[in-house]
Amino acid sequence: MQTVVLGTSGTTPQDVVDVARHGARVELSTEAVQALAAAREVVDALAAKPEPVYGVSTGFGALATRHIGHELRARLQRNIVRSHAAGMGPRVEREVVRALMFLRLKTLASGRTGVRPEVARTMADVLNAGITPVVHEYGSLGCSGDLAPLSHCALALMGEGDAEGPDGQVRPAGELLAAHGIAPVELKEKEGLALLNGTDGMLGMLVMALADLDTLYKSADVTAALSLEALLGTEKVLEPELHAIRPHPGQAASAANMLAVLKGSGLTGHFQAGEAPRVQDAYSIRCAPQVAGAGRDTLAHARLVAERELAAAVDNPVVLPNGEVRSNGNFHGAPVAYVLDFLAIAAADLGSIAERRTDRLLDKNRSHGLPPFLAEDAGVDSGLMIAQYTQAALVSEMKRLAVPASADSIPSSAMQEDHVSMGWSAARKLRTAIGNLTRIIAVELYAATRGVELRAGLTPAPASRAVITALREAGVQGPGPDRFLAPDLAAADAFVREGRVVAAVEPVTGPLA
0 MQTVVLGTSG TTPQDVVDVA RHGARVELST EAVQALAAAR EVVDALAAKP
50 EPVYGVSTGF GALATRHIGH ELRARLQRNI VRSHAAGMGP RVEREVVRAL
100 MFLRLKTLAS GRTGVRPEVA RTMADVLNAG ITPVVHEYGS LGCSGDLAPL
150 SHCALALMGE GDAEGPDGQV RPAGELLAAH GIAPVELKEK EGLALLNGTD
200 GMLGMLVMAL ADLDTLYKSA DVTAALSLEA LLGTEKVLEP ELHAIRPHPG
250 QAASAANMLA VLKGSGLTGH FQAGEAPRVQ DAYSIRCAPQ VAGAGRDTLA
300 HARLVAEREL AAAVDNPVVL PNGEVRSNGN FHGAPVAYVL DFLAIAAADL
350 GSIAERRTDR LLDKNRSHGL PPFLAEDAGV DSGLMIAQYT QAALVSEMKR
400 LAVPASADSI PSSAMQEDHV SMGWSAARKL RTAIGNLTRI IAVELYAATR
450 GVELRAGLTP APASRAVITA LREAGVQGPG PDRFLAPDLA AADAFVREGR
500 VVAAVEPVTG PLA
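Quick note: numbering that gives the first Met the number 0 has the sequence shown finishing at residue 512, numbered continuously throughout.
No wet-lab data here; the hints were simulated from the structure. Some clues are possibly wrong.
Once the Cα atoms are required to be at most 16 Å apart in a straight line, the calculated EDC-like pairs of lysine to aspartate or glutamate come out as [unchecked claim]:
1) Lys363 to Glu375
2) Lys363 to Asp380
3) Lys398 to Asp348
Label-pair restraints from in silico Cβ distances [stated by the list, open to error]:
4) Pro239 to Met414: 51 to 61 Å
5) Ala512 to Ala182: 42 to 52 Å
6) Tyr282 to Glu136: 15 to 25 Å
7) Met414 to Gly498: 40 to 50 Å
8) Gly498 to Leu62: 25 to 35 Å
9) Glu323 to Pro246: 40 to 50 Å
10) Asn364 to Asp213: 33 to 43 Å
11) Ala73 to Pro510: 31 to 41 Å
12) Ala44 to Arg245: 36 to 46 Å
13) Tyr282 to Asp213: 34 to 44 Å
14) Arg20 to Gly268: 21 to 31 Å
Where a beta carbon is used, it is the ideal one built from N, C-alpha and C, also for glycine.
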């Protein structure tokens, strides 16, 4: 099994995906353990002094004015975890919780939080044992971090609350820890606060969204190329010199991908007998690289933000390299929230243009000779009419999901925390949007491959034939009379979601950009 070693300088997007989705083991480097111990010495020294220090010897948030004596500090740290574990609603996905815990551990390993090495080791042990705390949908405002989600994770480290074991069964966390030989942590000064004060949930979801969207944007280039073929469009608008004069990197990459898929096609540039020559294709065909390219550039910006966050230590207060313990506002989720919302906007537009191409394929007045709704016997058969309805419903929801969460703020903690990011909410709706976008691309794939196959006597590009062959081998049927359509669409959805569109074409085209 792969092992990810956490040092003091952050982690990588691939490490997050490996731990969250593929169960990679986590270890702390010697450097990280030493940094943890050194920072703890600073906190212990401050705890021994009579002067109050936020998070060490005071209450929290609006209650930070109360000085807490030595005899109550362990109780204070336990209480903040218990009281903040106040999430409600459905359970959050296992991969999200694993990313959340791993990224909190990443910050602990930085040596900036002041927790003891044994606390960090316990968190690594819980991840490695496949124990996943039960975290709920609602409870984070994205400021002072993802408080409730992280608190549910910290609660499990204490042996309290519920968690899912490696067998998928939910049991009391204490039982699961005992079954794996893990001793519950007994929190000391600052440790409860350090376990729950970070933007780790929204960052984990951002990192996984970037991985998913990278595949989906490549898949969308392929389906757009297939639609262009099925509609007998021209590939000349994809030539590099046209995109060089508007030098957006994403646009050039998308056009190059489409051109690579269309290489050797016998369908492009044809006109249906009897129709007037087309000077230009419709926007949904001709401007596919411009729309997908703008989304790709949005991904690049979001990736830059994620990489900066992955190198960050987010906590309050923090232990600085000079030994000072300082209060700060680095837990605010605005940088992550903005790009999560930006990605949802770009994804909605990519879904929207894909749906327009599908609609064009099904309309006999605009499809340049294809049968109505790509049906075998239109009138007796409805073809893909309602598949487009489903796609349209998904697009409509994506437009609602594109409304930014980060434009909102709702005060909390008796107005101490009076401006929040709502980044967790932005991340949650982006996950829904990505699922919808996958289905939208799957419907276009289903329609476009059928349209290409219906062009009797014309030979599609080798890359297109490779996609069609792989799709049919995956159980998605081709043209024919009406049948129960939902299983075909579900299989097409899985084909896109698992990256098999890209996997089918790259042996022909080479790696897509």
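Consistency of the hints with the structure:
1. Lys363 to Glu375: Holds, because 13 Å separates the two Cα atoms, which is no more than 16 Å.
2. Lys363 to Asp380: Satisfied, since the Cα-Cα distance of roughly 14 Å is no more than 16 Å.
3. Lys398 to Asp348: Answer holds: lysine 398 to aspartate 348 is near 8 Å, not above 16 Å.
4. Pro239 to Met414: 51 to 61 Å: Once the Cβ atoms are compared, 56 Å apart, the range 51 to 61 Å for methionine 414 and proline 239 holds.
5. Ala512 to Ala182: 42 to 52 Å: holds, 50 Å
6. Tyr282 to Glu136: 15 to 25 Å: With a Cβ separation near 38 Å, tyrosine 282 and glutamate 136 fall outside 15 to 25 Å, so the hint is violated.
7. Met414 to Gly498: 40 to 50 Å: Since the Cβ atoms of methionine 414 and glycine 498 sit about 47 Å apart, the hinted range of 40 to 50 Å holds.
8. Gly498 to Leu62: 25 to 35 Å: Between glycine 498 and leucine 62, where Cβ atoms are some 49 Å apart, the hint is violated.
9. Glu323 to Pro246: 40 to 50 Å: holds, 46 Å
10. Asn364 to Asp213: 33 to 43 Å: Cβ of asparagine 364 to Cβ of aspartate 213: about 36 Å, so the range 33 to 43 Å holds.
11. Ala73 to Pro510: 31 to 41 Å: With a Cβ separation near 55 Å, alanine 73 and proline 510 fall outside 31 to 41 Å, so the hint is violated.
12. Ala44 to Arg245: 36 to 46 Å: violated, 59 Å
13. Tyr282 to Asp213: 34 to 44 Å: 25 Å Cβ-Cβ, so the 34 to 44 Å window is violated.
14. Arg20 to Gly268: 21 to 31 Å: violated, 43 Å
Hint violations for this structure: numbers 6, 8, 11, 12, 13 and 14, all remaining hints satisfied.
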